[in-house]
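Those sequence lines, one after another, are chains X and P.
Following the working numbering, the numbering of the first sequence begins with 2 at its first residue and continues without gaps.
Following the working numbering, the numbering of the second sequence begins with 2 at its first residue and continues without gaps.
If you are wondering where the hints come from, they were derived from the structure by calculation, not from laboratory data.
Hints may contain errors.
Identical chains share a label here; the pair holds if one copy fits it or two copies do between them.
[As the list claims (entries may be wrong)] In silico lysine to aspartate or glutamate, EDC-like type, Cα no more than 16 Å apart, as pairs: (1) Lys5 to Glu163; (2) Lys5 to Glu31; (3) Lys267 to Asp228; (4) Lys204 to Asp247; (5) Lys204 to Glu229; (6) Lys181 to Asp205; (7) Lys83 to Asp116; (8) Lys181 to Asp247; (9) Lys5 to Asp67; (10) Lys267 to Glu229; (11) Lys204 to Glu277; (12) Lys8 to Asp264.
Every value quoted in this text rests on a predicted model; they were computed, and no experiment measured them.
2 protein chains.
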Amino acid sequence: MPLKDRKILIVGLGLIGGSYAEALKRKGFEVGAVTRSQASVDYALEHGMIDCGTTEVTPGFLGRYDLVVFALYPHVLLDWVKKYQQFLKPGALLTDVTGVKSAVVYKVQEMLRDDLEFVGAHPMAGREVYGVRNADSSIFVGANYIVTPTPNNSEAAVQDIEELGRILGFSRISRLSPGKHDEMIGFLSQLTHCIAVGLMTCKDVGHMSAYTGDSFRDLTRIARINDEMWSELFLLNRDELLSQLDLFIGQMGTIRDAVSDGDAEKLRALMRLSTERRALFDK
Amino acid sequence: MPLKDRKILIVGLGLIGGSYAEALKRKGFEVGAVTRSQASVDYALEHGMIDCGTTEVTPGFLGRYDLVVFALYPHVLLDWVKKYQQFLKPGALLTDVTGVKSAVVYKVQEMLRDDLEFVGAHPMAGREVYGVRNADSSIFVGANYIVTPTPNNSEAAVQDIEELGRILGFSRISRLSPGKHDEMIGFLSQLTHCIAVGLMTCKDVGHMSAYTGDSFRDLTRIARINDEMWSELFLLNRDELLSQLDLFIGQMGTIRDAVSDGDAEKLRALMRLSTERRALFDK
Numbered sequence: 002m003p004l005k006d007r008k009i010l011i012v013g014l015g016l017i018g019g020s021y022a023e024a025l026k027r028k029g030f031e032v033g034a035v036t037r038s039q040a041s042v043d044y045a046l047e048h049g050m051i052d053c054g055t056t057e058v059t060p061g062f063l064g065r066y067d068l069v070v071f072a073l074y075p076h077v078l079l080d081w082v083k084k085y086q087q088f089l090k091p092g093a094l095l096t097d098v099t100g101v102k103s104a105v106v107y108k109v110q111e112m113l114r115d116d117l118e119f120v121g122a123h124p125m126a127g128r129e130v131y132g133v134r135n136a137d138s139s140i141f142v143g144a145n146y147i148v149t150p151t152p153n154n155s156e157a158a159v160q161d162i163e164e165l166g167r168i169l170g171f172s173r174i175s176r177l178s179p180g181k182h183d184e185m186i187g188f189l190s191q192l193t194h195c196i197a198v199g200l201m202t203c204k205d206v207g208h209m210s211a212y213t214g215d216s217f218r219d220l221t222r223i224a225r226i227n228d229e230m231w232s233e234l235f236l237l238n239r240d241e242l243l244s245q246l247d248l249f250i251g252q253m254g255t256i257r258d259a260v261s262d263g264d265a266e267k268l269r270a271l272m273r274l275s276t277e278r279r280a281l282f283d284k
Numbered sequence: 002m003p004l005k006d007r008k009i010l011i012v013g014l015g016l017i018g019g020s021y022a023e024a025l026k027r028k029g030f031e032v033g034a035v036t037r038s039q040a041s042v043d044y045a046l047e048h049g050m051i052d053c054g055t056t057e058v059t060p061g062f063l064g065r066y067d068l069v070v071f072a073l074y075p076h077v078l079l080d081w082v083k084k085y086q087q088f089l090k091p092g093a094l095l096t097d098v099t100g101v102k103s104a105v106v107y108k109v110q111e112m113l114r115d116d117l118e119f120v121g122a123h124p125m126a127g128r129e130v131y132g133v134r135n136a137d138s139s140i141f142v143g144a145n146y147i148v149t150p151t152p153n154n155s156e157a158a159v160q161d162i163e164e165l166g167r168i169l170g171f172s173r174i175s176r177l178s179p180g181k182h183d184e185m186i187g188f189l190s191q192l193t194h195c196i197a198v199g200l201m202t203c204k205d206v207g208h209m210s211a212y213t214g215d216s217f218r219d220l221t222r223i224a225r226i227n228d229e230m231w232s233e234l235f236l237l238n239r240d241e242l243l244s245q246l247d248l249f250i251g252q253m254g255t256i257r258d259a260v261s262d263g264d265a266e267k268l269r270a271l272m273r274l275s276t277e278r279r280a281l282f283d284k
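This is chain X alone, in the form it adopts within the complex (with noise of 0.2 Å):
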């Protein structure tokens, strides 16, 4: 069946799920819900982001649709795919939103029915907050999708589930193996947030917010963060981000150093090496 005239279930209206939803609304397709919440299904059904929704998982409601997108948190999908796979329709093809994928794409495809698939997916998009009243599809408009396929999928799966994010709006579609994944956002994403979370933390700056100037706020905008979802996120990728923090740390400890010495030349070294790299992104 093509992707158009699949039926689309959204597993969990949060920001993400919401954000899909009215997407994938407004190109025209039939776009169910289940979450667990009443109010973000009234919320959905009244702006127009969904056909149906439900809070109650049922056989003859999950039944229905040809494609699933679970946009839940990590330990709430194994749980729910586990729990509720046996209802799903036969051939349905399965995806997720979320931010980390070896410790999630693996498992689901191990305790999946022999009759469905799913592929991994990371809509590299968000906001500062949360909810489906929050939900804007506008957020996935420059920026970047990536499917992470594993040997267990077919290539039009695959495919389908690019098609998929091109149809989201999203501007750069790539594919990438999980673990590869899992590396780029241990570095570019899960490090980045902890370092904004540790300069936030390691000083009392109350009577220093006067003078705060942009570097400042730039480098501490990610540090507000909704820590229940955050500290999943990391710790499913421990071994990665790990890494990561060792790399950033061991190189803070360098700099650390030559600012001890007085060692202009090393600094400056640095600095030099820091200004081409960065220019790269300017371009």
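Fit chain P to the known structure of chain X by using the hints.
Just chain P now, with coordinates in the frame of chain X:
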């Protein structure tokens, strides 16, 4: 003499010196400049940023100005004062734009003629580009201007330098002791630049550039850095910067250990503190 009637000399026509000249000329001041490069003098004259300028330091030229602004690298500033203060007009008021204060202010005041007065100031504004060709007085709007008086200063002179900040267009004018200033700048500005350089140099991320999102870009924007200027500023503020680096590196170690121990509660407590503190900045 009221500030508005004084003739102002800018020593050093770079980005900040040029921006001062532009702002002051627009406000109707008579502005002169002495700088190393004739091309900078020519550019400033052509663009109406100064009334006259020279690369030659002469008694006749220097002796005309009532207010002198040093926009020089710190070690150049100290050399300049030592060598040329003999030519300055009796009773002239001096100030600077240097990003560290203890290492500059006390040394200048110590060597200064009895009939001259130096009040340190730090315009907290800048760009990632250099030179008078990039001068732009609009960078002062919304920015902080900090005056760093010492017991050697007269209240009248400090007020004149505060008034200069208002005339330049700064949004917030405040006073700090040189020591308090250096602690604040060590944390808010120098540490953040160290972090950006550390993040940018701890790993070769060329292959990841397609995936970089806002958070990595925000944290590394200031990784493009003038190595000559910043290495000098770092080392002139060495003890304060080391204290701030140690605080931050210690806190990153705490986060690292929590990840390593799988201590979700510890991570969540740090994230909640971080979120709470950062929220104050958005008000």
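Homomeric proximity label, Lys5 with Glu31: Cα distance no greater than 16 Å: within (10 Å within a copy, 70 Å between copies)
Lys204 and Asp247: within-copy, between-copy, both or neither at 16 Å Cα: For Lys204 and Asp247, only the inter-copy Cα distance (11 Å) is at most 16 Å; the intra-copy one is 21 Å.
Same-copy or cross-copy closeness of Lys181 to Asp247 [CA-CA at most 16 Å]: Neither, since 18 Å and 32 Å both go past 16 Å.
Identical-chain pair category, Lys267 with Glu229, by Cα at 16 Å: between (40 Å within a copy, 12 Å between copies)
Homomeric proximity label, Lys267 with Asp228: Cα distance no greater than 16 Å: between (38 Å within a copy, 10 Å between copies)
Intra- versus inter-copy proximity for Glu229 and Lys204 (alpha-carbon distance at most 16 Å): neither (23 Å within a copy, 28 Å between copies)
Identical-chain pair category, Lys204 with Glu277, by Cα at 16 Å: between (31 Å within a copy, 13 Å between copies)
Intra- versus inter-subunit Cα pairing at 16 Å for Lys8 with Asp264: For Lys8 and Asp264, the Cα distance exceeds 16 Å both inside one copy (63 Å) and across copies (41 Å).
Alpha-carbon proximity between Lys5 and Glu163, which holds within one copy, between copies, both or neither at 16 Å: Close inside one copy (13 Å), not across copies (65 Å); limit 16 Å.
Lys5 and Asp67: within-copy, between-copy, both or neither at 16 Å Cα: For Lys5 and Asp67, the Cα distance is within 16 Å only inside one copy (11 Å; across copies 76 Å).
Within, between, both or neither, where Lys83 and Asp116 count as close if Cα-Cα is 16 Å or less: within (15 Å within a copy, 84 Å between copies)
Within, between, both or neither: Lys181, Asp205 at alpha-carbon 16 Å: Cα proximity of Lys181 and Asp205: across copies only (15 Å, versus 37 Å in one copy).
This entry does not satisfy hints 5, 8 and 12, going by the numbered hints stated previously.
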